[in-house]
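Taken in order, these protein sequences are the chains called A and E.
With this note's numbering applied, the first sequence covers 1 to 439.
With this note's numbering applied, the second sequence covers 440 to 777.
Hints in this document: simulated from the structure, not taken from any laboratory.
C-beta: ideal position from N, C-alpha, C; glycine also.
A portion of the hints provided could be inaccurate.
Stretch-level coverage of chain E by chain A, calculated; a stretch enters the list once three of its residues show a Cβ under 8 Å from a Cβ in chain A [what the hints assert, rightly or not]: (1) 496-510; (2) 595-604; (3) 657-668; (4) 712-726.
Facing chain A, a subset of chain E residues (Cβ under 8 Å, in silico) [as the list claims (entries may be wrong)]: (5) 616; (6) 620; (7) 621; (8) 699.
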Amino acid sequence: MNSRHGPLRTDLSRRTLLRGAAAGGLALAAGLLTGCATTRRSLPAAAAGVTDNNWKVIDQFYTLSNAYFQGWANGSAQAAAQLALHREQQVDNMSNDKVISVFQQARASNTRAMTSIVADPGITPQVLRANAEAGIPTSVAWNLAPWTTPFDVGGTFYQFLAGNNPVGAERLAGLLFEKMGGTGKLIHISGIPGNSASTTRDVGVDAALARYPGITLVARQPGGFDRGTTTPVIESLLTAHPDVAGIFCQNDDSALAVVNALRSRNKSVPVVGIDAIPEFLEAMQSVPEIAFATWAHHGAWMGGALMVRAYDALSGVKLSPAERMMFTGGFVLDTPAAADGYNTLMYKGDTLPYDFSLMSKALHPNDWDPQTTMKPLEFESYFSLEKPKPAGYTVDPAYAAARDGDEFARVEAEYKDHFRKDPFADIRRQCAAGGVDFA
Amino acid sequence: MTKPSLDPPVAARRTEPAVSPTRGQAGRARVNWYVAAPFVVLVLLIVGFSIASPIFFTPDNLLNIMQSSAVLLVLALGTTVVMLTGSIDLSIGSVLTLSAYVAAIAAQSAGTTAAVLLAPLVGLVCGALNGALISYARLPSFLVTLGGYFAFDGLAGYLSDGQPIGLAYGGVAEGFGGSVGGVPVISLWAIGLLVLVVIAARYTRFGRYLYAVGGNERTARLTGIPVRRIKLYVFLLSGVLAGAAALLQLVRTASASPGMGEPFLLLAIGAVVMGGTSLSGGSGGPVHSIMGVLVIAILANGMVLANVNPYAQNVIIGVVVVAAVALTMKRTRDSIVK
């Protein structure tokens with residue numbers, strides 16, 4: 001028998017093979033799409049007094065591949081459900097083209113408002129101006145091109161919210177330095193060179209170093225906010241500085257790589273990170289002598305709060321100049337018990353511990369509650385950390401009046417007064433340093 | 440079937456421009472220089488970093504470099520084999536990510552053995568998909584593996600919901616972690632795989648066929664070499680090696696995380712080309728790639744120890760890569776100087 005035509009041999013033409021492969025690929029893609037369409041968490045019902053106005057809101061962010069943004073998406077979805085908003089999630093995977101496309105198509109797709117965080121702040125002036133022309137109110141978090149403000153873009157740039165990186169990093173570093181006894185060698189694993197979060201967190205670490213002259217910074221190298229990038233860097237640095245007494249990491253992903261490297265060398269050196277992701281919180285419980293502390297700044301709150309801003313903007317709520325750019329709250333978890341409590345509350349439950357409808361000034365004009373600390377962001381000093389003020393830049397007169405008068409202090413006090421429902425009250429009590437909320 | 444009568448390396452060599460008798464000595468000198476150039480680059484880097492940092496040339500740090508080269512070396516071996524045939528595999532980073540995730544999930548639910556078996560097996564399946572489409576559907580390797588780059592990475596994200604999956608201490612981490620006689624175990628695994636691939640490339644018929652297919656695919660086919668099957672095997676091997684690299688990286692970082700393989704793609708291709716393997720196939724080999732891998736690992740390690748400014752680090756890497764390729768590439772072959 002000719003072996004080419006044996007019983008186990010099937011002669012497939014190239015066309016047949018391609019057709020089969022194409023059909024299989026499409027079937028797989030369809031299966032994945034069906035699977036993706038399934039919502040994994042239950043969503044709350046609309047809050048009392050909320051009516052469905054058929055308002056479509058796009059929630060654009062850049063990745064789903066970390067716990068912070070999964071929390072963000074979860075908070076955003078739960079807030080949208082409580083406020084009867086029709087939320088459309090757009091994940092751009094750090095592609096500027098996709099971001100621009102999402103913003104450009106917003107008006108055509110009958111979008112009424114947007115919430116946004118872009119990986120590359122350089123494109124924020126362009127996309128925010130596109131939405132200003134389209135008349136779509138937009139709230140933005142964390143990343144903003146220096147010297148691009150709601151006052152420059154116009155009324156549709158509703159609000160900018162960000163964690164206070166310099167203060168957060170300084171507090172965290174201060175706790176680490178105390179743990180080190182105020183003396184010894186420090187390794188600083190920074191983030192991505194040029195990234196605004198990385199730059200502003202460096203500023204915080206430098207401020208803490210200035211307060212603790214006994215701490216010697218022996219190395220500052222970027223870890224790319226990523227455990228794979230951090231691993232070879234920390235392995236080299238631990239060889240170069242075997243007597244290091246503390247390690248500051250710019251996020252928890254990098255901190256996990258450091259914890260792993262220290263464990264494999266049987267070394268016990270305190271490590272701090274930022275973000276409070278589940279794996280680091282678990283490390284704080286399993287190896288507390290190494291995984292010491294993390295700054296929790298709540299991705300779920302940010303995603304939900306921006307959705308509330310979309311609702312308020314569409315409901316006609318006006319913000320004062322001091323409220324257009326604000327710092328948002330967080331606190332440092334520094335014990336295994338606090339880490340466990342936070343992990344359970346934020347990542348293991350079916351619903352989040354926030355009442356998003358209560359954050360809305362439209363729904364609760366008198367008893368609105370941010371459920372965290374917030375304070376006005378003084379943008380001139382904030383942006384100066386990254387880039388000097390451009391020649392000829394003029395500060396908006398309304399903002400300048402608020403800054404120069406007592407408006408900033410009044411707004412800070414007002415938000416402090418309205419902060420009554422604290423989801424983390426029990427967890428704060430388990431923190432060694434008090435778990436004080438700061439913005 | 441009649442066996443091919445022509446020795447494949449001869450077929451491969453016939454694609455090289457003939458060296459005229461009068462230019463023979465200069466030609467041989469140039470060939471020797473191509474072999475020696477990566478060593479020269481390596482020695483220059485070692486001397487430079489030893490001056491810049493007293494820690495650099497210590498036994499502890501040399502072991503560090505060995506450890507940090509292991510994953511890249513295994514990926515570069517697969518890339519070398521693929522490139523010897525004149526193809527390219529852009530999916531290795533994504534195969535690594537997918538294999539690591541499957542192994543991490545298996546380690547949690549079914550134990551160490553399942554993880555150790557599954558990582559290379561997933562790589563093998565991915566390689567089989569790539570290889571079948573390239574060999575039998577005759578699609579370009581660049582496009583097929585570009586599709587794999589996206590699809591395998593997406594599949595890993597789908598399996599994990601984008602969440603990192605930690606590896607419990609003990610189990611897989613214990614089997615592949617630690618050191619033997621001071622040498623990191625993951626480095627020993629990488630060296631073991633290197634030996635196997637070198638033997639396959641230099642001392643087997645399969646190895647000779649690789650060079651023949653890369654040297655001139657049409658001639659190879661005419662001499663009776665089963666070109667399609669060789670291409671399929673090449674991508675199977677690349678997939679298995681990416682799966683093995685996944686296991687090593689999984690142990691090294693104690694977790695599978697989104698995009699964990701992506702940074703390795705360009706580094707692996709860069710290391711192979713720096714080592715002297717031609718992008719158009721037919722010349723180079725796994726031993727050459729060791730040099731490229733070491734250049735990259737030493738650069739990364741040395742610049743951290745010397746506390747080089749992060750922006751300057753990228754500039755230095757760029758300059759060294761171009762300089763190394765300029766020294767090692769055979770520019771007499773027009774097809775690779777485009």
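Tested hints:
no.: 1; hint: 496-510; in the structure: holds (count 6)
no.: 2; hint: 595-604; in the structure: holds (count 6)
no.: 3; hint: 657-668; in the structure: violated (count 0)
no.: 4; hint: 712-726; in the structure: violated (count 0)
no.: 5; hint: 616; in the structure: holds, 6 Å
no.: 6; hint: 620; in the structure: violated, 17 Å
no.: 7; hint: 621; in the structure: violated, 13 Å
no.: 8; hint: 699; in the structure: holds, 5 Å
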